[in-house]
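Participant: Okay, here's what each chain looks like letter by letter:
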Amino acid sequence: MNNFTQPLGQPLDRVDGQLKVTGQARYAGEFTEEGLLHGSVVSSNIASGRVVRIDASKALALPGVIAIIDHTNRSKIASYDEPYEDADSAEGSPFRPLYNDRVLYSGQPLALVVADNLELARYAGSLVVIEYETAEHQTDLLKLQGEAREAPVDLPKPRGHFQEEFAGAAISLDLNYSTPIEHHNPMEPHASTVLYQGDGSLHIHDKTQGTQNCQSYVQKVFGLEKQHVRIFAAYVGGAFGSGLRPQYQLVLAVMAALSLKRSVRVTLTRQQMFTFGYRPRTLQRLQIGAAANGRLLAIAHTAIGQTSRFEDFTEHVVEWSGMLYHCDNVQLTYKLLPLDVFTPLDMRAPGAALGLIGLECALDEMACALAIDPLQLRLINFAERNQNEDKPYSSKALRECYAQGAKRFGWEQRNAEPRSMRQGRQLVGWGMAGGVWEAMQQKASAKARLDHHGKLTVSSATTDIGTGTYTVMTQIAAQASGVSVKDVTFILGDSSLPTAPLQGGSFTVSSVGTAVQQACEALKEKLLAVARQTSAAFAGVTAEQAVFEEGHLTFGEARVALAALARDSGEEAIEVQVDAEPDKKREAYATATHSAVFVEVLVDEDLGIVKVNRVVSAIAAGRVVNPKMARSQILGGVVWGIGMALHEETQTDHALGRHMNHNLAEYHIPVNADIGDIDVLFVEEHDEIVNALGSKGVGEIGIVGVAAAVANAIYHATGTRVRDFPITLDKLL
Amino acid sequence: MNPFHYSKPDSVQDAVHLAGPASRFIAGGTNLLDLMKENVTRPEHLIDITGLPLREVSETARGGLMIGALVSNADLAWHPLIEQRYPLLSQAILAGASPQLRNMASTGGNLLQRTRCYYFYDASVPCNKREPGSGCPARDGLNRIHAIFGASAQCVATHPSDMCVALAALEAVVHVQGRGGARSIEFADFHRLPGEAPERDNQLADDELITAIELPAAGFADCSHYLKIRDRASYAFALVSVAAALKVVGPIIREARLVLGGVAHKPWRDKAVESWLTGKAPSRETFTAAADTLLQNAEPLEHNAFKVKLARRAIVRALSDAAQGGQPDE
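Chains as they are written, first to last, in the numbering used here: chain A, 1 to 733; chain B, 734 to 1063.
I should point out that these hints are in silico values taken from the structure, not numbers from a laboratory. Heads up, a few of these hints could be off.
Claimed, not checked - Below are the DSS-like pairs computed for lysine-lysine, each with C-alpha atoms no more than 25 Å apart in a straight line: (1) Lys611(A) to Lys1042(B); (2) Lys526(A) to Lys486(A); (3) Lys407(A) to Lys628(A); (4) Lys770(B) to Lys58(A).
Nothing here was measured: the structure is a model prediction, and the numbers come from that model.
Between the sequences and the hints, there should be enough to build the whole structure, so can you do that?
Facilitator: Okay, structure coming up:
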């Protein structure tokens, strides 16, 4: 190798960064055209019942109001469940906006006002009078938890003899935790701009994590030809899971565009961002038994989550308790309680962010009961294999996370005694937790095209929800093709591009990255074939012998520009498209990312005020494609984890059946002043099994375990164990 | 937001002559615009007062300061005379909102902030403050952030301002101008308790405009402290706040001011406790006894009983820090 810098592993700035900070990157609700109409959603204020009458006369009387669409006058939409099912559907009967007179939850869209401008549409919406027939509703999981039923999921079967081992353990703990509803609240609200084309087809700019998911949904729900629906999402201002399923503003905007044969935009208000999917409230019970030497003898994890009356939303809350530690006697239970609410939705590290609160707080409680250091307890019970699947891990550098994280944090200085550390008026607490997330891979396709100027364009229908997909795909393409980063353009966010899965679950690098890599490998084969035919110097050169770098193909002294090969090919450009699948060799292994999180809190004991002063997050996620992007992902996850521990909670008035703190002044997320030092480190983890890149994805792992680590630090500081999240100051007085 | 007429008068006289029951004055708009977007407030006429000559901070003949109603919260907090003579006020202002909001928000407007009660802000549920007679779901609902003093059957909301808590402690005077002339209102009388008319936050008539806030000479610069306790470190309203100001001569408290925020429909001042503190030694025991006395009449709701305990500790902390010279002992 010469001085050529390998693109993979470089802390490249975002390739789209300049467009974003200069306002040139356009988001779904920012596209416009002459005559664009604006829709405003009118929502229900009861949680259950039916609409008797919608009086829109005052609104319709306003000049500039074009239409008011409700269940009585909407255009035809599908009448079976199947067309409404999407790539992230829960079991059941998906919600259908404006389908009939039934009110299923408070905040449900009941009408769309369409007007010449947004201000008028919103004002007109305030004049729409809805008469209801109200029915009884239930929204309180805590009150009705006894009515929960088994969730329709395949959990790992119970192993060993939990009851006997739990009963006979030297220490056995039976602990209950609760976590609140949380809403995603990306900065960019959900919006759909439907541009009605001359031929009646629809170009839709949508806030989504899956353009093809939305395309297929719109096509099926409205009975349209596939080629008549094209979805764009070039830039997405955060999503965190809220864009995994097609949201109701998309249906309403399409409905209006089709019936008016006009272009229409619908943008939700911040308040309406609290009227669809969310992280469900959970009640968790952890029963843990251990021997005096710290060996875990028995674990039972039971979680009850809420769901809607129409779908069974399930996520992996309890599975982690059967895999993060070695334990031969495990019993996992997951129940659901349907309520008069909207269906929950995957939110960053869905399930794991919740289940690891229970598991990792319980481990800390066990460490205290055993008088064993919490980190030591985790090492004693280190799991070499995933016992849920009875498979070895493709790689698992969690021990290195523990060791390097502890060293960076200074964990060995910790006095185990709660309330033993002080700094002026403040009690100081040190806590830690582990984290785990599955390293998944989905099928994905990508196209690579090299033109006569040596410019490489790679494309796939994935999105970039702010994670840095544009940038890391550019790096992967540059690395795999030998074209310089500056000559590579990655295109995404268009349903007409090669197939990509939803952007979620931390599997985009693994799935789309693999497709990009394979497309570029295939491109090189084509280039080499051209070289062999057109240049004697390359005749007989094998793929292994050929060196592609800095936009050139070299073999010994022979060197040719890739642009020249593109020209020599006789084609307009050299183009390949590949369909990539997870490698078969993955099947014999469990694949996961891991983390160890160390937290220092300062607690003002008199006033209950908690400050997270310091966090060290050590991550094992395979090869890091771009340390800058990856660090940003972990920083965001840690901040959110702090919010889960201390701040975030959607508050529901159960008498009204309605979320009440539905704005960002009253729904608290951490502000800058809440965040202290966050130190992110990535440990070396070499993995040849997970995928050819050796990279596992870092979107979720940063948040997992953080809330538990904060809670454990608060206990260490104060001696008070709070099991009801978030840990607001009133719980520490 | 409803359609409205807009005027921008040049003089206070013109402004008050334009005003009526369906009009609102607008300066920074940091609260009013939010309320309009949520259809909580639906004025027919907005009178933009940002062109009025109300931006001066000047010294009064009585040794105090006269603050024009349009002085921004940021300019006021960082004004040298305020920092030097009234650090309590400066601290209180900087404890509120965010730098962006403080840059926009006016002194007069700060007094007219409306409650952050969730039910008040959601126009699709009942609220006696928003729709008199519609009911108060907060009384038996989500009332963790609500009042522990002075509430009524009709309303349990709190006043959200930090600045006003300090102004109450400093015994500021509110100068207002109406069509009938000018008058001044003692700060303690400016805001009202909800009683039977929770829709009314204060004593202003429809045509009256706040023109200035006057601070008396006594600024308690040596011994004062504003302590705000909230659910996150910034950009959150007070669960409980305390403005504590003492005049300590030798070993004795000669004068005390003690006002709580976040606990009532107005800044909550207890003059009996202030009198009791006078003549006592500034000790933890004294402050604890004062706090206990002040809080014995608290009437917590289902979810805000913690405010009683929190306020007790906050009072002790704030008075202790005030006695130490106002700097928190970290």
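Participant: Each hint: holds or not?
Facilitator: Status of each hint after checking the structure:
| no. | hint | in the structure |
| --- | --- | --- |
| 1 | Lys611(A) to Lys1042(B) | holds, 20 Å |
| 2 | Lys526(A) to Lys486(A) | holds, 22 Å |
| 3 | Lys407(A) to Lys628(A) | holds, 22 Å |
| 4 | Lys770(B) to Lys58(A) | holds, 19 Å |
In this structure, every one of the numbered hints holds.
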